[in-house]
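**Q** Sequence:
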Amino acid sequence: RQRALLWAVLLAAWEAAWGQLRYSVPEEMPKGSFVGDVAKDLGLQLSEVSDRGFRIVSEGRTQYFAVHGKTGHLVTAERIDREQLCRLVEKCVLSCELIVEAEMKFHEIEVEITDINDNAPSFKEIEREQRINEMTAPGSRFPLPVAHDPDSGRNSLQSYELSGDEHFSLAVQAGPGGDQNPELVLAKALDREEAAFHELVLRASDGGDPARTGTARIRVTVLDANDNAPVFSQAEYTVRVPEDVPVGSVLVTVTATDADKGSNGHVKYNFHRISDRASGLFHLQSETGEITLRDYLDFEEMSFHELEVQAFDGGDLSDKTKVSITVIDVNDNAPEITVSSSLSEISEDAPLGTVVALLHVQDRDSGANGEVRCSLDGDVPFQLQSSHGSYYRVVTTRELDREQVSEYNVTVRAADGGSPPLQSSAVLALRVLDVNDNAPVFAQERYSARLAENNAAGALVLTVRATDADWGQNARVRYRLSEGRVRGAPLSSYFVVDAESGEITLKELLDFEDTRGYVLLVEARDGGGLVAHCKVEGEGLDVNDNPPEV
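Just so we're aligned: the sequence shown equals residues -19 to -1, 1 to 531 in mature numbering (1 follows the signal peptide of the UniProt record, and there is no 0).
Since the hints were made in silico from the structure, they are not lab data.
Idealized CB from N, CA, C, for every residue including glycine.
Among the clues, some could well be false.
To be verified - Only pairs whose alpha carbons sit at most 20 Å apart, straight line, appear in this in silico SDA-like list of lysine to any residue:
#1 K86 x H49
#2 K12 x G41
#3 K488 x S429
#4 K105 x E142
#5 K12 x E142
#6 K301 x T269
#7 K86 x E142
#8 K249 x D276
#9 K516 x A424
#10 K516 x P528
#11 K303 x E287
#12 K105 x E164
#13 K242 x E174
#14 K72 x T117
#15 K72 x E84
#16 K488 x G508
To be verified - Using C-beta positions, here's what the derived DEER-type ranges look like:
#17 E326 x P223: 14 to 24 Å
#18 F123 x E175: 52 to 62 Å
#19 S256 x P362: 36 to 46 Å
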């Protein structure tokens, strides 16, 4: 120690002898702080300081030092910031000259500004987002922000520390100039679906006492990889809809979720398997999964539809589900009556049980909606008989009489079991054919006529009339006189009857004196050969056609 001290004294004396003085002072000292005893180092007494006239001269506009006129001490003239003056210099030395005016001499002075720990490490980038794909392999490294500390030596940046998450660790690489470069190391595999973000804190510390620190926030955003396929909420969707649901209605919504993010998690839908008929009935909204009705359903045409829907994400991963649509029948079909065979005419003497029509009745609905009950309207001489399957026969139940009812319009009505029931009807037109079952009938059984004698031939005696309830030829009545005699002569010699009109006229003159009365038998015969008779009793009226005889 004594040897080292001796060498220091000798060095100072040598430097002073050669006119150079060296000092050191910590930065940030107040103005007027002691730097060195110039007078002593130059071997002067205090009394000589004021006599010789000391003055400090520095380059530049700012004077950082001054000499105290009474003590001969070198003091600071300004507060000195080492980091501002010597930003890029490891050893900060300020030079100035001490002018001894009385002797016209100068001495060079070098003052080293020593560092104090007045700066904490700081990051230019206090927040950083680091984007890492979730498929990145553990061990991968990513550069982190670098801290800066303008202090020097132990007071400068010494170490980094990372906190916040087990998925990451810190590595510090030494640069060629001795600087430290922090790196983020992936220690554990990432899973964006488990954690999409990781918040870390990078802390930089210097070697001061106490140490100063600075921090930067590191936000790790885990980028999605398409490692998840869409998943439907149900393996099968089952829906029951009535067949009269309006077009445009939403029948069912299928839903699939994808745990990925962005386009990898964006799910769209399409039909994977669908029949031509179903594709015309159903529409799938690709974004929402809504299945809507695009055309009318018909239970009777098809009561069940099975669709296969696919959900796929932006990375072409997919899932499938089945959609089963059961169409529920509604009573939208009235019974249909088909006349398979029928008669348009029937004889009035047709036997009981004669089949006049064969009907087929069906209803395309199902269940109670398709159950059909048939009936005949009104009091008619017919009834329905169930035949094989959905066939019915219409048969006669009593004798027909054309003279009472000549034709029938038989209404067959079919009603289903719906609520309310739907019904339909068919009309059977049936004409009753005449049978000659009625003989002519005279308006009177006996006719009386009074006829004056001597009437001219062709005189009308009277008119007989007979009617026949039958129809057509069977009802056509023709008249004739039955053969009889008057005074030995046939009736046809005196009277004649018109076959069509029934008018009885004289054929020749009657003589009261010869025939005072007569009886005619008139026959009416219809087209079927049935006959009827009536009597015509005639009385002759006398006229004064004979003079007295003596």
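**Q** Could you run down the list of hints and mark each one as holding or not?
**A** Hint check results:
1. K86 x H49: holds (18 Å)
2. K12 x G41: The given pair, whose Cα atoms are some 18 Å apart, holds under the 20 Å limit.
3. K488 x S429: holds (18 Å)
4. K105 x E142: Given that 20 Å is the threshold and the Cα spacing comes to 17 Å, the pair holds.
5. K12 x E142: violated (38 Å)
6. K301 x T269: holds (15 Å)
7. K86 x E142: Distance of about 56 Å is beyond 20 Å: violated.
8. K249 x D276: Violated, at roughly 23 Å.
9. K516 x A424: holds (12 Å)
10. K516 x P528: Given pair K516, P528 is violated - Cα atoms ~35 Å apart, limit 20 Å.
11. K303 x E287: holds (7 Å)
12. K105 x E164: holds (16 Å)
13. K242 x E174: holds (8 Å)
14. K72 x T117: violated (45 Å)
15. K72 x E84: Given pair K72, E84 is violated - Cα atoms ~33 Å apart, limit 20 Å.
16. K488 x G508: violated (27 Å)
17. E326 x P223: 14 to 24 Å: violated (47 Å)
18. F123 x E175: 52 to 62 Å: violated (20 Å)
19. S256 x P362: 36 to 46 Å: With Cβ atoms ~54 Å apart, the hint is violated.
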